[in-house]
Structure formats: structure tokens, C-alpha cells
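S.K.: One line per chain: the protein sequences are V and D, in this order.
Per my numbering, the very first residue in the first sequence carries number 1; after that it's consecutive.
Per my numbering, the very first residue in the second sequence carries number 1001; after that it's consecutive.
In short, the hints are calculated from the structure, not lab data.
Quick list of the computed label-pair ranges, beta carbon to beta carbon:
1) V:188 x D:1159: 55 to 61 Å
2) D:1159 x V:264: 38 to 44 Å
3) V:51 x D:1121: 58 to 64 Å
4) V:148 x D:1193: 45 to 51 Å
5) V:307 x D:1037: 38 to 44 Å
6) V:100 x D:1302: 34 to 40 Å
Cβ coordinates follow ideal geometry from the N, Cα and C atoms, glycine included.
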Amino acid sequence: MSGRVRIAVTRRFLLGCLPVVALLLSAIDRPTIAADRFPLALMDDRGVTVRLAAPPHRVVSLAPSLTEIVFLLGRDGFLVGVTRFCNVPAAASALPKIGGVSDPDVERIVALSPDLVLCTTDGNPREKVRALEEMGIPCFAVAPQNLEAVFTVVERLGVLLGTADRGRAEAGALRRRARLARAFSRDAEKPDVLFVVSTAPIIAAGEGTFMDELVRLSGGRNAAARFSGRYPRLSLEDLVAARPDVIFVAGMAGVERFPPEVTRWKEVPAFRDGAVITLDGDLVTRPGPRLVTALERVSAALADWRKAPAADEGGKR
Amino acid sequence: MTGGGRKSGAVFPVLAAALLGALALSAATGPVPISFRAAIDAIFRGTDDTAARVLLSLRLPRALLGALVGGALASSGVAFQALLRNPLADPYILGVSGGAAVGALSVALFLSADASPLLPLCAFGGAALSALAVFLLARRRSGVSPERLILMGVVVGAFLNAVIMLMVTLAPPGKIPGALYWLMGDLGLGTPRRVAVLFPYVALGTVLLYLLSRGLDLLLLGDHAAFQAGLPVERVKTATYLTASLLAGSVVAVSGLIGFVGLIVPHGARVLVGSGHRRLLPAAFLLGGAFLVLSDTLARTASPAGELPVGAVTALAGAPFFLYLLRRNGGRS
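Here chain V stands alone, though its shape is the one from the complex:
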């Protein structure tokens, strides 16, 4: 987790970049996705054009989210190496390990003689990816920043792995589920929601995180949005002042629960009403297909909150 709690890219910069990235993606993708025949050339999120003469058969994944997507596309038979964090689906754990996300072992990867390496720009070290490319191994790097971008990754990996139709179908199914999850949040009351990735110290998910997007898509307001930075650290008083109606805890080992000296602050509606919900940390931090599952859970929890009678007394919003 510590790797993720990184120094903030300023909000303005991030917001400024999003449309540009989206524009680039749409401009780049459409023609190549249409022509999904081999040999193919597909530009990745670094702007590098990856060329494949034939569908790859020996694929190494350098991120748990990418491993999940390969399984989703039914191409897990091609996976010859994954990271030690790739544990979903369970069968992924049994695959040969090539190290971690931030410390993949280049030599071990080369020894597997892959014809495609799937990687991310924000988790995998750039110089290791470059080392692989210098050995002549094509590397496709992605950097999805929101749900829609994740769905696009599903489509693009579908193209790369020679199963473009399956990619489009799976991405479409994910989009439909996401739309459904959002449907009953429209025009509804907006609770203040705090999403924390650590309970002691209290570290919240700010703007620019997937968790922030999950809250907004589910019809909530991110109570940590007034802080700058993606993962602001809150004092207990900050938490009391923010008065979140619902708190989600992205469960990591050792930080699932708030200590009693925090939960005794009953002026925080979430503590008063017991609206503290733990979600599997992997579910909300991995930019993979299960983000939709996370969206469904968050959305359902906020729907429960709207139904609960306690919501009425909290009427200072």
C-alpha cells in the first residue's frame, strides 16, 4: 500500500490531464480496435506502438489487475508468469511468479521467453520495462485512471490477445453492470462519504482515486475532497469536523477497524449509526474488472443508508 500513498499530483494538473488523455485514447483506439487482425500495431498508454506479428501465446503479467483481465478474457492458458500479488482468481496463485509489482525480476521474465508482457505505467518501474524491451520483448503498458478507462483496457487486451470480440463483450457487460449500479443513485440524497485506506493513522482516499470515483458514481459526496492530494492523512479532529454519514474502510491487513478512541465520537453520523463498512482493499485499489463489484457494493450501501430511518435526524445537510 505504501507505494500507492504517493505525493500528490495537484488536482488542477490531474483534472487538466483527464480530457486530454481521454481524447488521446479515443483517437488512438478506434481505428486499431476496428482492425483487430494480426499482424497488428496498437499504441499503449506511454505512446509506444506495440507490434505483434501473431497472437501471443506466452504472456507475462506484471500487475494483479492485468492478470484478472487476462483471466476474464479466457486467455489464462497463455499466462506463463505473474506477480506474487496475483491471487485472483485463485488459479492465478498457482502460476509461476516473476517477483512483485515494483520489483519484477527481469532475468526470470526473460527466462520464460514471453512474446508479450503486460504492465502498468504507475506501478512497474520504467527502467525494468525498458530492459525487457531492449531484449526484444514487446511490452504493453496501461494507465487507467477511471472506470471507463479500465473497460477500455479490457477491450484493448482483448485485441492484443487475439480475442477482440470477447474483449468487447466483457467490457460491454461491465459497462452495463456499472450503469445498473448507478441507476438508483440518481437524484437521490447525497450522503457525505469517507473512504479510508488506513484507520490508524487515518488516511483517506481523495480526489483522483478510484475510491473517489466509486463514491461519486454511487451518488455520494467524498468527505475528503476538500483536502488536496490523492491520499490525505486526517487527524481525528478532521474526521470529527467532516462528519461523514458513511465510512468505507478499504481493508488491508492490520487496518480494518478503527480503534475505540476514534469510534466513540458519536457526533460522527457513521459511528452513531454503525455505518462503517469494510471492503476488501484489493477490490477498490486494483484497476481491474472487480472495480464494478466494488461499485455495486458501495452503491448498495448508500442505498441502504438512504432507506435507514437514522438518515432523517442527520438532517443538517
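Keeping the supplied structure of chain V fixed, place chain D upon it in accordance with the hints.
M.R.: For chain D alone, kept in the frame of chain V given last:
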């Protein structure tokens, strides 16, 4: 370093006022708005609304913890600087920090989820063990020399650093942030209970050091001269070492590793009252308390990106100030 004290007798009232002012400022600042009226009611009439509870169970305990921690670190720094006859000595120089860090990380890594109450205890244990180890390693039949203490402190510290790096590398990712934040120094754990637990240690430690102040004055002259002056040199050294380590260890246990206070505040206090320990120790305590309370107020409120580690604030403010002192005192110390 033996320059006489400044004549002005008004230093202590001013320092005391500075500490009180810092405490008041800290109690008045924070995200929950509290009016002056509400604050007075909370303190004197025992009102029980959110404002009162924030003031009495969050801000004041935290400010008081800051005062105790800052004062104790500064006092401990004064003692180590005299004991080691080294102006660069601080409470962490002899392995206390490394030991505390290993203790704290062990809890975070090897114990189950809700073991956080154990963290201060294990940090204190680690600090005490490593301080004791350094002391025993440095001791010879002829006594303890500052050079050997520093040497052993550095070696034990390097060893513990290696252990820390190993632990951080091998740990599962989710378990690390808590321990790391703690290591950077954190007064966020300031509950009334923690203040009450820390108070006796700090009181005992500072009073003991104060009783040793004549001995510390003499130690500055060198072992031989101190012995000639009739000082039981080895006993004073042992007592100073153990007391200063106790102070540092108990403080580290509740607040993590807050750097620079123990290094610079003694120098600042020396500028104000000279290097006689009978005046230097209380002055350093007051100044250290005020400095840390102010730093923590900044750490809590200054950044739009949430709370900063107070250790970073003390270092940011402290390092330039220390450089200024060094330049200003140029050839003299």
C-alpha cells in the same frame, strides 16, 4: 561552552509565557470551530457538546503531550551533549531511536490487527534494551568514555538500521504505513490517558537531571578536572546516561521519533541563559515544549493535504535555525 549566563532575569517568565501562549494557540486552532465563549464554558462549566469534547479530549491532551515530549527531548538532549561533551549529540545518538523503531515495527508486523496498544510498550522496551546494550558495550574497567559511547552507539544504530530495512522489505504491504507514520513522529495519539502515563516518567527524569546539574557542569570540564573537583565521575555519568535514556525512551514510546528538538533546543536555550545546567535545563524544557507545540499546530493545520508528520515540521524549521546558530557562533563553540 562554559560562557556565563546572560544577566537578564526576565528569561524564565518570558519562556513560561511562550509555552502557555503556544498551548493556547494550539487549543484555539483546528478544523472544528470553537468560540472563545464555548472554550471558557467547556473548561469552567463542564459543558458537554462537540466543541467541548474536541477541546478537552483532542486538542488540550495533544498540546500537553507536545509540551511534555518537547520538554523531555530538549532536557535529554542537554544531558547527552554534556555527557558526551559533543554539541551534535541528541537523545537518539546512542541507539534509542533504532531500538524503539525495531520494537514498534515488530508489533506492526508480527502481531495481529488490534495490537496497537502494545506499540508504545514495545517501542519503550526496544529503546531501553538498545540504550542498555550501548552502555554495557562501551563500559570498561576504567569507566565509560564519551568516544566509546558514541562509537558503540553508531555501530548499534547501524546494525538496527539494517534490521529495520530488512523488516520493511519483508513486510506485507498493508502493514507498513502505520508503523512508518509512527516512526516519523506523531502526536496524534495524544489522549488524556497517554498524557497521564507519560507524565510521571517526564517528571521523574527531568527532576533527576536537575539534581545532576552541578555534576553536568563539572563534566563539561573533562573527566579529570571533574574528578579533581570531587565529583564521583562514573556514578554521575551512569546516572545521567540512564536518566536521559529513560526520558528519550518513554517519549519515543508515545510520540515516535521526533527529530531535531533534542538537538537544537539545547543550543537555543544556551544562547538565552548560558551553559550553567541549573538554568539551562529548565530553560531547555520550556523552550522545547513551546517549540514542539507550535510545530505540531503547524503540522495539523498548515497543509491542505491533511496532517503532516510533526517530525518533518521540526526538521524543516530546525535545520535552518541550527545552521544560523552555527554560523552565528562561528569559532566560539
